[in-house]
Amino acid sequence: MSAARAAARAASGLFGSVVGHGLYAILAITAVGCAATVKTDGYFANILMQAATYAIAVFGLSVVLGLCGQINLAQAAFFALGAYAVGLGTADYHIPFWICLAAGMAIAFASGGLLGLSTLRLGGHYLAMVTISFQQILTVVLLNAVWLTHGPDGVSSIKRPDLFAQGQAYLALAVAVLAITGYVVWRLANTRLGRAMRAVRDNEIAASAAGIDVYRTKVAAFAICAALGGLGGGLFAGGFAYVSPDQFAFSDSIVFLTMALLGGVASPVGSVIGTGLLILIPEWLRFLKSVPGLYLAIYGLAVIFIVVFMSDGIWGFIAGMFRRPATAPARPARSLVLKPADSGAPIALEVRRLAKYFGGLKAVDGVDLTVRRGGVHALIGPNGSGKTTMLNVVSGLYRPTAGRILVDGVDATALSAHRRTIAGLGRTFQNIRLFRSMTALENVVIGAERDGNTQVEDGHAATVERARAALEFVGLGDRYGDLVTSFSYGHQRLIEIARALAGNPTVLLLDEPAAGLNSSEKKFLHDLLDKIAAQGLTILIIDHDMTLVAGVARHLTVLNFGRRIADGDTVDVLRQPDVVAAYLGAQ
Amino acid sequence: MALIEVADLDVRYGEIDALRGVTFSIDEGGVVALLGSNGAGKSTTLRAISGLVAPRSGSIVFDGKSIAGLSPQAIVRLGIAHVPEGRRVFPGLTVRENIMLGASNGKASSAAIRREADRMLELFPGIRPFADKLGWTLSGGQQQMVAVARGLMAKPRLLLLDEPSLGLAPVVVQAVFRIIEEINQRGTTVLLVEQNARMALKVANWGYVLETGRLALGGAPDALWSDERIRDAYLGGSQPKASI
Amino acid sequence: MDLVLQLLFTGLGIGAIYALVALGFVLIFRATNVVNFAQGEFSMVAAYLMVVFAVDLGWPYWLSFLLAIGGMALLGAIFNLGVYYPLRNRTFLPVIISTIGASIFLANTVLALYGPQPQVLPGWFDTPGVQFGPVYLDSQYLLIIAVTIALVAFQYWFFEHTLLGKKLQATSQDKEMAALLGIPVARMIMITFVYSAVLGGIAGILVAPILFVSIQMGSTIALKAFAATIIGGFGDVAGAIIGGLALGVIETFGAAYISVPYKDAFAFLVLILFLAFRPRGLFGERVAEKA
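Chains as they are written, first to last, in the working numbering: chain F, 17 to 603; chain H, 63 to 306; chain S, 18 to 308.
It is possible that some hints are incorrect.
Unchecked claim - Incomplete in silico selection of chain S near chain H, CB under 8 Å:
#, residue
1, Leu180
2, Lys183
3, Lys184
4, Ala187
5, Glu193
6, Ala196
7, Leu197
8, Leu198
9, Gly199
10, Ile200
Claimed, not checked - A few chain S residues that don't get close to chain H, going by computed Cβ distances all over 12 Å:
#, residue
11, Asp19
12, Leu24
13, Phe26
14, Pro103
15, Thr126
16, Ala129
17, Pro139
18, Gln157
19, Leu160
20, Leu168
21, Val169
22, Gln233
23, Lys280
24, Leu286
25, Leu299
As the list claims (entries may be wrong) - Calculated lysine to aspartate or glutamate pairs in the EDC-like style (CA-CA distance at most 20 Å, straight line):
#, chain 1, residue 1, chain 2, residue 2
26, H, Lys217, H, Glu178
27, F, Lys355, F, Asp467
28, F, Lys538, H, Glu273
29, F, Lys538, H, Asp79
30, H, Lys195, S, Glu177
31, H, Lys264, H, Glu90
32, H, Lys127, H, Asp72
33, H, Lys195, S, Asp191
Hints listed in this document are in silico derivations from the structure and should not be mistaken for laboratory results.
Glycine included, C-beta positions come from ideal geometry on N, C-alpha and C.
Generate coordinates for the entire structure from the input sequences, incorporating the hints supplied.
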């Protein structure tokens, strides 16, 4: 490879760090400087003020919706909380601006968290409804609690901080806050929390299985979104010195949403683009506002078009045009260390009298399973025998109707899925569940950074090292920077296994790992499983490929109609007449 | 005279090859069993024939007409009815209503269809008492009967049955297979997908075995059953030579 | 006691409107798994159409009604093709946002064409009402209740006693299986959208003489109707009706005994309470799925 190409590759890898940060800093300082010094007429200054404060609120949506995939139709309500905190605080109670701003953010943060609590039971349409209801209730309160909010009259004479009282100075403040929050949101995507949010967005079940507390992640996303909304609202109030309830209605939440979608909901750059366009365009096309309703009608149509044709938004579209730089070769990864926890007991996983009923259907009906430590144990049975249900109950996806599950001697029955992962269970899925927007490395890093991973020291670098080691272990080490969607089906399955191994599990549950693989891929899988078992891990595998199963598994348990019909050494079990009959058909 | 000819059929789900180069034909009047272990591609074959999934390449010719890529509604109008895996009785409709909807491929009047449904219920005495009960209240075996009756309402020349024995107790399975024999005797050609090879080969007059998307074996039921390769297809290569 | 009866009558009247709009929601949801945030706008557009035909053009009431309903049927068809169909295979989020966009588009197009002044639509009857013992029965409220009963009866008959109704039910219970039987699924979905638009339209025309005809009337009604469907159990037809009636009564009593300005907030409070404690509503899943 030529030196020039090597240099280009290295540079592209660098972009995310030094060069990127540098560029951002330069842009930010320039923007703030211009805002402070360049003279603009009052009208234009107002436009910029509105754009800056709105963009901060839209950053919030890029977190909760863009990063975490949760719908929030109440951003105008959080904006209002911040605006009224500053408005009432400075005008009525003469509390200093900064304290009001902080209080507004805190109140918004708390309400956002509360709204996020509703995600425990609800998602999708119901969540949308809850957020709309919250928005509507707040609007009603703003209009009617006149003793507190001044009702429809609104709040005037809102004060600014003394240091930034002058128009241009305040605008510069707003732009500076915009730059800082933009930076925070930009970097959030690559923090542990940000990765957790993206995982929840891409595949909740897999996120849970990888050790992420999905619920807490969603609540955090809501809280952060609301806090940013409150921050924008507080600055807005100071900027315009007057607020009234009709500025914070449901339609304004839709405006925020459209700004987020237009620019591209997944990134703060998109937020800025979307906000800028949707505030500036109507100004340039001022005639649209002369006919009441025309502007918003086009707005509504635009939303539909964007959703149908340009779901990644403008920035998403632009960013998508640049081909990803190929993964830069890095120094070789360390070899993967698998050190499963070992309480000393000979049994790594035990299931006692497990039952799972779906209404009248007894999918699993009183099954005992004992998996000895080390080596591969297979769970087989014809279609509909209950194997996958059983695996899902053991890994925490379903609550058992009855029975107990013990992992390394500890009762895990009451633990949620992500807590079982922390307790030492790792798993893969029959329908591959990778985080499709991320690279192979990011997927495996998520597995590595689960709580309680004894094989990883503190710090991000250590988890990256471990993730690279895991990818190397499954043979994909040099493609760590590629998006998982660019891998073949068979390789995607290996990445899933690497993700589970990175978490250093005690017991590895594999759900039909051979499904969809061709014969050479199956051979590779066979060798890989032997390698894993050789390091002392316990594996419980479900599969239909008997050649593979007979080759790797020492011990076999057979289910039929939800009950256990055989259990013992592989060779013996496969010869038993009732096992053969279960597969080929009974007498 | 071949009623349906499948040639070189290739079906893909995303990246996965579900079927590769599958070729077989079915003569009118027979019961053909399509066997294989889970994931072998049996259901995919039926879904390609009934139009639920479009093949990537290859041809399906029914009664001289190419049907690959047609919509399911068009294919059932041509005379192929598919009773899919899992029965899929409409849970909120009664047994009678379920059966009546089986005639949706034609233009008969509502009254005529009702009469047909009554006649169909005579053929399935096991479910006649439940005619006005909602679908979800029935047991698995009863639902299977309803699904088959519903399929027959389309007056198909070819009936595709996907795993009718799935999840059913052995004695119920016997009842289902008796019905299959009766249907065939009345003139309907049946393509039967089954994991339960023994029962399927008892009613069939020809059989094929799929293994990971390819046709591995084909032959008369007795020959297939005694061929040790059928055990390998289901249970891997570890089987002893003795038969059951 | 007289007051209670009066409030009950009024509450049922307004509840009937919520029930009709809620029905429209639920039918679309059952057939397509889409929550149609533009449902309220169907009511609003129909009311404006009535104003154009009956007031501006002065045409006979019954003729205007038929034309308005015809317009709604057309709108439902266009909505199906333009908003739902392109997104039918996407996840719920783009679809929700798209229907929200449609609702904004519809509301503001009417605003652009007609102007922001609220309009007045006269009622069907000339006599304002009739005294029945202690209770004054406003004639428009009577009409609302009567039409709602008729519509619900018609719908019951249609769904339970016609083959087409059964095909519609089958489509919403299992689309793929319906296709396998030969049922034209796309056509069933089109019928559902058209019917829901007509339902929403009728509700809008019925309630218009009581409220002003305004751009906002749609979204207020729709959000309440949505709350009603949650209360009744989302996806349940009977639940939508009962939830609508219940909400109308709760809201009316709440306005009378607690506070008028906050009555709008009641609907949302009840909604949040149900979502928090009993998300499947009063009737939950009408049919238990055997796994």
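Please write out, lowest number first, the hints stated earlier that are contradicted by the structure.
Violated: none.
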